[in-house]
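2 protein chains.
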Amino acid sequence: MVHPKTVLAEIDQQFPQSLARLFELLRFPSIGTDPAHHGDCRKTAEWLAAQLTGLGFKAELRKTTGQPLVLGRYAPPKAAGLPHVLFYGHYDVQPADPLELWTSAPFAPEIRKGKDGKDAIFARGACDDKGQLMTFLEASRSWLKVHGSLPFRLTVMIEGDEESDPAHIDSFLKARAREFPADVAFICDTEMWDGRTPAINTRLRGCMGIEVSVIGPKIDLHSGLYGGPVQNPIKVLSRILASVHDAKGRITIPGFYDGVKPIPPKLRKQWESLKFPAKKFLGEVGLSVPAGEQGYSALEQMWARPTAEVNGIYGGYQGPGSKTVLPSEATAKLTFRLVEGQDPKKIRKAFKAFVKSRLPKDCKVRFDDSGGDSSGIAVPEGTPWVNAARKALKEEFGRDPVMMGAGYSIPVVESFKKHLKVDSVLVGFAKSDDNPHSPDEKYEVDSFRRGIRSWTRIIAQFATE
Amino acid sequence: MVHPKTVLAEIDQQFPQSLARLFELLRFPSIGTDPAHHGDCRKTAEWLAAQLTGLGFKAELRKTTGQPLVLGRYAPPKAAGLPHVLFYGHYDVQPADPLELWTSAPFAPEIRKGKDGKDAIFARGACDDKGQLMTFLEASRSWLKVHGSLPFRLTVMIEGDEESDPAHIDSFLKARAREFPADVAFICDTEMWDGRTPAINTRLRGCMGIEVSVIGPKIDLHSGLYGGPVQNPIKVLSRILASVHDAKGRITIPGFYDGVKPIPPKLRKQWESLKFPAKKFLGEVGLSVPAGEQGYSALEQMWARPTAEVNGIYGGYQGPGSKTVLPSEATAKLTFRLVEGQDPKKIRKAFKAFVKSRLPKDCKVRFDDSGGDSSGIAVPEGTPWVNAARKALKEEFGRDPVMMGAGYSIPVVESFKKHLKVDSVLVGFAKSDDNPHSPDEKYEVDSFRRGIRSWTRIIAQFATE
Numbered sequence: 000m001v002h003p004k005t006v007l008a009e010i011d012q013q014f015p016q017s018l019a020r021l022f023e024l025l026r027f028p029s030i031g032t033d034p035a036h037h038g039d040c041r042k043t044a045e046w047l048a049a050q051l052t053g054l055g056f057k058a059e060l061r062k063t064t065g066q067p068l069v070l071g072r073y074a075p076p077k078a079a080g081l082p083h084v085l086f087y088g089h090y091d092v093q094p095a096d097p098l099e100l101w102t103s104a105p106f107a108p109e110i111r112k113g114k115d116g117k118d119a120i121f122a123r124g125a126c127d128d129k130g131q132l133m134t135f136l137e138a139s140r141s142w143l144k145v146h147g148s149l150p151f152r153l154t155v156m157i158e159g160d161e162e163s164d165p166a167h168i169d170s171f172l173k174a175r176a177r178e179f180p181a182d183v184a185f186i187c188d189t190e191m192w193d194g195r196t197p198a199i200n201t202r203l204r205g206c207m208g209i210e211v212s213v214i215g216p217k218i219d220l221h222s223g224l225y226g227g228p229v230q231n232p233i234k235v236l237s238r239i240l241a242s243v244h245d246a247k248g249r250i251t252i253p254g255f256y257d258g259v260k261p262i263p264p265k266l267r268k269q270w271e272s273l274k275f276p277a278k279k280f281l282g283e284v285g286l287s288v289p290a291g292e293q294g295y296s297a298l299e300q301m302w303a304r305p306t307a308e309v310n311g312i313y314g315g316y317q318g319p320g321s322k323t324v325l326p327s328e329a330t331a332k333l334t335f336r337l338v339e340g341q342d343p344k345k346i347r348k349a350f351k352a353f354v355k356s357r358l359p360k361d362c363k364v365r366f367d368d369s370g371g372d373s374s375g376i377a378v379p380e381g382t383p384w385v386n387a388a389r390k391a392l393k394e395e396f397g398r399d400p401v402m403m404g405a406g407y408s409i410p411v412v413e414s415f416k417k418h419l420k421v422d423s424v425l426v427g428f429a430k431s432d433d434n435p436h437s438p439d440e441k442y443e444v445d446s447f448r449r450g451i452r453s454w455t456r457i458i459a460q461f462a463t464e
Numbered sequence: 000m001v002h003p004k005t006v007l008a009e010i011d012q013q014f015p016q017s018l019a020r021l022f023e024l025l026r027f028p029s030i031g032t033d034p035a036h037h038g039d040c041r042k043t044a045e046w047l048a049a050q051l052t053g054l055g056f057k058a059e060l061r062k063t064t065g066q067p068l069v070l071g072r073y074a075p076p077k078a079a080g081l082p083h084v085l086f087y088g089h090y091d092v093q094p095a096d097p098l099e100l101w102t103s104a105p106f107a108p109e110i111r112k113g114k115d116g117k118d119a120i121f122a123r124g125a126c127d128d129k130g131q132l133m134t135f136l137e138a139s140r141s142w143l144k145v146h147g148s149l150p151f152r153l154t155v156m157i158e159g160d161e162e163s164d165p166a167h168i169d170s171f172l173k174a175r176a177r178e179f180p181a182d183v184a185f186i187c188d189t190e191m192w193d194g195r196t197p198a199i200n201t202r203l204r205g206c207m208g209i210e211v212s213v214i215g216p217k218i219d220l221h222s223g224l225y226g227g228p229v230q231n232p233i234k235v236l237s238r239i240l241a242s243v244h245d246a247k248g249r250i251t252i253p254g255f256y257d258g259v260k261p262i263p264p265k266l267r268k269q270w271e272s273l274k275f276p277a278k279k280f281l282g283e284v285g286l287s288v289p290a291g292e293q294g295y296s297a298l299e300q301m302w303a304r305p306t307a308e309v310n311g312i313y314g315g316y317q318g319p320g321s322k323t324v325l326p327s328e329a330t331a332k333l334t335f336r337l338v339e340g341q342d343p344k345k346i347r348k349a350f351k352a353f354v355k356s357r358l359p360k361d362c363k364v365r366f367d368d369s370g371g372d373s374s375g376i377a378v379p380e381g382t383p384w385v386n387a388a389r390k391a392l393k394e395e396f397g398r399d400p401v402m403m404g405a406g407y408s409i410p411v412v413e414s415f416k417k418h419l420k421v422d423s424v425l426v427g428f429a430k431s432d433d434n435p436h437s438p439d440e441k442y443e444v445d446s447f448r449r450g451i452r453s454w455t456r457i458i459a460q461f462a463t464e
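So the sequence lines, in the order shown, correspond to chains D and X.
The first sequence begins at 0 in numbering that gives the first Met the number 0 and counts up one residue at a time.
The second sequence begins at 0 in numbering that gives the first Met the number 0 and counts up one residue at a time.
Calculated pairs, PhoX-like style, for lysine-lysine (alpha carbon to alpha carbon, straight line, at most 25 angstroms):
1. D:Lys417 <-> D:Lys260
2. X:Lys390 <-> X:Lys274
3. X:Lys360 <-> D:Lys278
4. D:Lys278 <-> X:Lys363
5. D:Lys144 <-> D:Lys57
6. X:Lys417 <-> D:Lys322
7. X:Lys355 <-> D:Lys278
Keep in mind the hints are simulated off the structure, nothing from the lab.
Just need the whole structure built from these sequences, with the hints factored in.
What follows is the structure in structure tokens.
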């Protein structure tokens, strides 16, 4: 390892220029989902490619089924044996409306104090993801200026469809996987644990969605005439849904927990030490008692345990008042949040078998599989990449980063895993009140500065004299 | 008892005139629910009042909150000590559309052969209820012609709101109960058991409707972010609904069966002897296996056992595809079919307590009571009125009438019970394929003739030489 002292000094010294470059980027209204802004997306991609060229990378724009993908490739002079890093970010932003709720115009970035009195850059995309992706580019710039070369091969990949449709980059990667050999993917699009404590996200839950319809009588019937001997599909469906969990909140579908590993004791210990205020967290949504699987903390339930949720249900009469109908069918939409080790396809099959085994002889069932599949992902906390990030963040912030999980999936992480066979390490510097997707989106000036410094420290972990 | 031989001969002899009078009545388009036809309803009521006057009854039209009510009162010369009979029918009919599906115009009655080759009167209202109510009036007419007087006091009550809103006659009877002393109500608006077997309906199930909403988090949440420690109201509601019945189909709400008496062994024996083809009955609606309360035949389940049905359910996302929402609330609409002895108000209370006892600490519940209450009704099979009808029908058809139940409530029966404290005996001659409420409604010529003859035989049961 090379001590990054000189580079850190360089970063602080030329920070105004870093900010100026970020402001240039923030001025592009690169709303990927809006065809009226597709020209702006291309201009943003061209600007980024020019930046990468300026850093000495081989930059190009690649056609996708969506917005152009920005690629920058770099190999140090003595590349043999050096690892290959893939860095990912996205230049597309959420639409800015409602515009009247913004204090300053969304594409006219300005620095002012946030509610907590801290200087922040206000603009659409400030934290999601332009500010965050620039932390890595600015770190690379300063490192290259001081040392002349990076200690790894690098591919920078910046897409323009993250906010609209993950299918574009997925199909691009699927078709061109061989072009992107990599040992690790770094993604800068996540939050810190809190204002003082950095975080690395190594766990994401996957999701399997399925719709189940129970069909009883072939037509809706009068519940007075037929009530009694006729199967009621709402009752049948309710019984099936009620049996998905046991009294302890554990899912009863045979084989559901196959492959689920407990989290490492060290990780559990760290999560316990966070003293996550479950009551306060639930209080914000009008609840107070953690429900769910007994024997696991609320945090573990959200970050590392699989779940079965019913997202919607309907059947029979749903209008005002009463109607004495005995309905022909009832439908529920479910999603299963999955963790590493669970196979979504197997669980889809197991759920279907579970439903069928509980179906009265006379009822039929129909499944809709269009809800899709994604696997849960966990990067072992002890890989050199995670360790490098952990050490670097601790040096920068003076505190051990929290090894976080996320309850939801990030599609590009799964695309990397599936097509490139590469694990992602998610390091980000956003704060929980940065308002991504909302008016007055911001990124703290300090997040930007310490983000650049943190990446520099991560780069340093791989450098030798 | 007087043998009705002479009257029966008179009936057969002047049957063409009876048909002609029915045709006159059928030509009125007395669609009670349609304001455009309210004039026709009044004309129909006036025509009926004139008929009653012609029979020597004191006839009048009474104002209600709906269409005019036709009343005809009769007292024989030596009325002292004679019972008082209330006869009920309705002159309003269902709308006739879709008109293009009628073989002949709905208000231009004609006799032609039905699908089974039997002569039938085709017209809207032919069986429901003009043909049926006229059976009693024509029987009275012939009896009076032969014998000069009826063997009981009589009030004929023919309403014009049966198909649209039972509240009109209910509020009328509630306010004027004292005007209508009666020992029994005969109602002619039901079916025979089958083409050869007459029926008396003495049991009707009541109905209690209630809507229950379970409320969890105060807003819809992302099921990835919150799935685990947050209560899902669809799951909570499903569990509650699933626990309403035990594995044997028995309702588990404490006190639910309080007051429910088993049916008399003789009645059960008759029902068993009917060899009700449950498989065929269920087969017609796409099912095959009787569900419901174990230990009871399908017929008993429908006619004499209380039920709990879920008529509708909704919550969360119900559109196409998948949405990872953890909804704030879920709602189910239930109706409980009740039998004699059960108190709808107590059961409403018991259900609410049942739900609350199963509610996780954090969830709230909201009930909507607008579904209304009605009690189950059973007329003891051994009253003189039921016995008279039974004997008379057996004489006419050569077969014991089936003592039927009905799974649904007939509101006017409950109004009679509640306000006039009088039991109803339901005797009707419709066939199951008569299409009331549908195009090509019909009433068999033979139903009309034997209906008149049957009422004559019932009257004869009370006559003395």
